[in-house]
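Student: With the hints as extra help, turn the sequences into a complete structure.
Numbering of the sequence shown is given in numbering that gives the first Met the number 0, commencing with residue 0 and proceeding in unit increments.
Any given hint could turn out to be false.
As the list claims (entries may be wrong) - If you anchor each label on the Cβ, the simulated ranges turn out as follows: (1) Ala-29 to Ala-95: 27 to 35 Å; (2) Glu-83 to Ala-58: 28 to 36 Å; (3) Ala-95 to Gly-61: 35 to 43 Å; (4) Pro-28 to Ala-95: 15 to 23 Å; (5) Arg-33 to Gly-96: 16 to 24 Å; (6) Ala-84 to Ala-29: 12 to 20 Å; (7) Asp-86 to Arg-27: 27 to 35 Å.
I should point out that these hints are in silico values taken from the structure, not numbers from a laboratory. Keep in mind that this is a model prediction, so the values were computed, not measured. For every residue, glycine included, the Cβ atom is placed at its ideal position computed from N, Cα and C.
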Amino acid sequence: MTEIHISTVNSACPQGTTSRIRWGVPSRPALSSRFRAVLFSELGDRIADRGRVRFPAYAPEGRRRPVTVAQRLTAYWGQQVFVEAEDLCRVRLCLAGRETLPEPSEARPR
Numbered sequence: 000m001t002e003i004h005i006s007t008v009n010s011a012c013p014q015g016t017t018s019r020i021r022w023g024v025p026s027r028p029a030l031s032s033r034f035r036a037v038l039f040s041e042l043g044d045r046i047a048d049r050g051r052v053r054f055p056a057y058a059p060e061g062r063r064r065p066v067t068v069a070q071r072l073t074a075y076w077g078q079q080v081f082v083e084a085e086d087l088c089r090v091r092l093c094l095a096g097r098e099t100l101p102e103p104s105e106a107r108p109r
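Tutor: Next up, the structure:
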C-alpha cells in the first residue's frame, strides 16, 4: 500500500493541511485507469472547494498523473486548471487566478 498525502491551501491555513489517502499504486492498465479516476474525483473536489491543491510527485510517473488530471478537469469544467512544480517532490494544481499563494494578511483567523 502506498500512502499519498494531498495538501490543500486555503486562506484560513496558508501553510496548508494534509489529508492521508491510502491506496495501492496500480501496475495494470485497468487499475491505473481507476487510480486516475479516483485522482480526478479527489483532486477535482479539492480544487472546486479551495481553488488549488498540492500533490506529491516523487517520480516521473507521479508528475505525469496530475498533468493528466489537470487536462481532464480543464476539459470537464471548461476552465483552465494549471499545474505548477512547487519543488522536486510536489506539484500544485490550481484554477486560473489562484496561481499564487495568499499573502499572510489575507489569512482568515480560525
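Student: Compare the structure with each hint and give your call.
Tutor: Each hint, compared with the structure:
1. Ala-29 to Ala-95: 27 to 35 Å: 33 Å, holds
2. Glu-83 to Ala-58: 28 to 36 Å: 18 Å, violated
3. Ala-95 to Gly-61: 35 to 43 Å: 24 Å, violated
4. Pro-28 to Ala-95: 15 to 23 Å: Distance hint for Pro-28, Ala-95 is violated at roughly 32 Å.
5. Arg-33 to Gly-96: 16 to 24 Å: Distance hint for Arg-33, Gly-96 is violated at roughly 32 Å.
6. Ala-84 to Ala-29: 12 to 20 Å: 29 Å, violated
7. Asp-86 to Arg-27: 27 to 35 Å: 31 Å, holds
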